[in-house]
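Peer 1: As a plain string of letters, each chain reads:
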Amino acid sequence: MAPTHTLAAKSRRRFKKLSLATKHYRVMETSRLPLSSTIRGKLISAGYTSLSSISSVSSTDLARDVDMTEAEAVDISKLANQISGSNGTTSLINGGKNAWDMLHEEESLPRITTSCSDLDNILGGGISCRDVTEIGGVPGIGKTQIGIQLSVNVQIPREFGGLGGKAIYIDTEGSFMVERALQMAEACVEDMEEYTGYMMHKHFKASQVQMKPEDILENIFYFRVCSYTEQIALVNHLDKFISENKDVKVVIVDSITFHFRQDFDDLGQRTRVLSEMALKFMKLAKKFSLAVVLLNQVTTKYTDGSFQLALALGDSWSHSCTNRVILYWNGDERYAYIDKSPSLPSASASYNVTSRGLRNSSSSTKRVKMM
Amino acid sequence: MSNKLIGEMRLHKKISNIFAARNIITAKDALSMTEFELMELLDVGMKEIKSAITLISEAASPPCQSARSLLEQKVENEHLSGHLQTHLKGLDESLCGGIPFGVLTELVGPPGIGKSQFCMKLALSASFPAAYGGLDGRVIYIDVESKFSSKRVIEMGLKSFPEVFHLKGMAQEMAGRIIVLRPTSLSEFTESIQELKDSILQNQVKLLVIDSMTALLSGENKPGAQRQHHQLGWHISFLKSLAEFSRIPIVVTNQVRSQNRDETSQYSFQGKPKEGFHEHTSTYDSHLVAALGINWAHSVTIRLVLEAKSGQRIIKVAKSPMSPPLAFPFEITSAGISLLSDNGTEVKGPDINTIHARGHSDMINFHGD
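As you go down the protein sequences, you meet chains A and B in turn.
For the first sequence, the working numbering begins at 1 and goes up steadily by one.
For the second sequence, the working numbering begins at 1 and goes up steadily by one.
The set of hints was computed from the structure by calculation and includes no laboratory data.
Watch out, some of these pointers could steer you wrong.
Covered stretches of chain B (chain A as the covering partner; in silico rule of three or more C-beta atoms under 8 Å from a C-beta of chain A) [unchecked claim]:
no.: 1; stretch: 13 to 24
no.: 2; stretch: 40 to 48
no.: 3; stretch: 145 to 158
no.: 4; stretch: 191 to 205
no.: 5; stretch: 234 to 243
Derived contacts from chain B toward chain A, CB cut-off under 10 Å, selection only [claimed, not checked]:
no.: 6; residue: T54
no.: 7; residue: C64
no.: 8; residue: G102
no.: 9; residue: Q255
no.: 10; residue: R257
no.: 11; residue: G293
Listed next, the in silico DSSO-like pairs over lysine-lysine satisfying Cα-Cα at most 30 Å (straight line) [stated by the list, open to error]:
no.: 12; chain 1: B; residue 1: K13; chain 2: A; residue 2: K240
no.: 13; chain 1: B; residue 1: K50; chain 2: A; residue 2: K283
no.: 14; chain 1: B; residue 1: K50; chain 2: B; residue 2: K13
no.: 15; chain 1: A; residue 1: K287; chain 2: B; residue 2: K50
no.: 16; chain 1: A; residue 1: K283; chain 2: B; residue 2: K47
no.: 17; chain 1: B; residue 1: K4; chain 2: A; residue 2: K280
no.: 18; chain 1: A; residue 1: K280; chain 2: B; residue 2: K197
no.: 19; chain 1: B; residue 1: K50; chain 2: A; residue 2: K286
no.: 20; chain 1: A; residue 1: K280; chain 2: B; residue 2: K89
no.: 21; chain 1: A; residue 1: K246; chain 2: B; residue 2: K4
Computed from a prediction, not measured in an experiment: that's the story for all the values here.
Beta carbons: idealized from backbone N, C-alpha and C, even for Gly.
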């Protein structure tokens, strides 16, 4: 008898442990809700530990039980429903999308050309909208050049295969040169005129180029950011700004790194603030179907017994961007390498920075060899 | 903007009191935390936090300008669209008129190559009347290495602008506009530049020269490399914002040091450096790199490399947002630096950033009369 008894006791104990574990898990559920700790405490002490326990009662009952206002209770049950998905009737999970629909959406997405066809090729046609792309490289490799070029190219009208959009340029380092933007804008208009001339010659009906270089400059919204606080504030404010100024199709941050590298003391805090910022960029990219291009600096990192170059801001930051492109010197030529992308193969291509802007390295204008 | 007070924004009184109670006073305090952390700290719902952050962000974010209005302002307000002429024709052309206002310009090169000569010439041309291509203002010359020579400045002035300098009292007036500071420690330097911040606009200061940045740092006894790096970080931000807000050019010199063996300029994905590439670099007589590291290099907008190659002095535009990497041969005469040719030759690849010193010592002896 004795052995059976102990066995039963054992299984009872085990059961108890199990239910405790489940209960603990449910406590975790309520704490997942974005609520202040007082309210969360109230909910838990009133016995509302799981999401289903909240969504099963009406908000009036909840308000009475937990001792809060009706309005607060409504918000909480709404939140609980959203997270548990219990009232999601339209699709399997609220906000879900099937892969087939996503494919169609992706294919119809426009891309912004870099003016360098080799680079466009490895990028799958250009910088993709709805994504966050990080571009990094050593000083003087051409990060700012790519930034300025994209803010010009995004404005190429639809008739010429462009997006006809506007650009936001967030300058944290003071390296945006308006003279350089003018040069690239002039070259861009010239190229469009040349293209029109070619089409006319072939007896096609082509639209005249209506754009002037000054118009291109007019549509670059320039923000000079002087501290990391301003940078965070601006990113938070962008949602409103873009809603007011339609047609913004690219946001360029030159560079994401600068202020965070100089002024932040607590590195853990820096990582948390940065990843929140990255999430906001991603949200913007999806909400307004625009491309976010973050330029990053380079640092040296000790791996495998030697120092190597790596993009700045650390390892957890490198998870934040969807695409990552590294610019580097390969012998005499500038190269871009796709370091990370969910849809593109790793590849590298050469590019050249000319007086007219970014171009293919083979088609460089004049090249006097000296050294 | 970052020190704006939350109490003065259009926040709901109740919420703004909660912020104040937790000692979150400025926009910087609030935005240095994630929204979730704020919610925990203030014990308020996510919705309230979000709307408060929206208001704070709107108040603290910088104003927007179109690039076109930026260009128009520049053309309208600034002499030569915001450039200080170097009086080296080829170099001025490639830099769209000279050393630009509002950014840091760096000169790197081995000792004796002519960095200080270049700086003195710049100081002179900034003090010149506008009619002669100058900025008609004062110059602050921070001379860390005690290389500034008034005699040399007057000599350069007499040789290169005789028509101005032979006017009576002109030499005195021009030289009187150059104020030389000789800080002996980094902290003294820090104090001076903080003081400068307020007086630049009132005193018509049109150029700030720091010769050299490296000497300031190496002169300091350093308990750890980390600290040195951190201090530099503060100076970088400060100098950049100083240039930006007072709209003056800041010219800084940087020394060179020899490259450590274990330093690479490769990413991990590039694999081991190719043998050929390695041999190529080892044929150079010396491996010189700029003394201040990559963080500093990212911060300067324009980098001019002064180097010596086969007994020839060369000035290279190694980093510039508006110019391709061009190289110009130059010589130093009694009138200062002058270019041997105004047509720059384009440089490619690693040559842009390497600093040569071949045949340099011969040259110094030759000119060291």
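Peer 1: A separate judgement is required for each hint: does it hold in the structure or not?
Peer 2: Results of checking the hints against the structure:
no.	hint	result
1	13 to 24	violated (count 0)
2	40 to 48	holds (count 7)
3	145 to 158	violated (count 0)
4	191 to 205	violated (count 0)
5	234 to 243	holds (count 6)
6	T54	holds, 7 Å
7	C64	holds, 5 Å
8	G102	holds, 6 Å
9	Q255	violated, 17 Å
10	R257	violated, 15 Å
11	G293	holds, 8 Å
12	K13/B x K240/A	holds, 23 Å
13	K50/B x K283/A	holds, 15 Å
14	K50/B x K13/B	holds, 16 Å
15	K287/A x K50/B	holds, 18 Å
16	K283/A x K47/B	holds, 18 Å
17	K4/B x K280/A	holds, 23 Å
18	K280/A x K197/B	violated, 35 Å
19	K50/B x K286/A	holds, 19 Å
20	K280/A x K89/B	violated, 47 Å
21	K246/A x K4/B	holds, 29 Å
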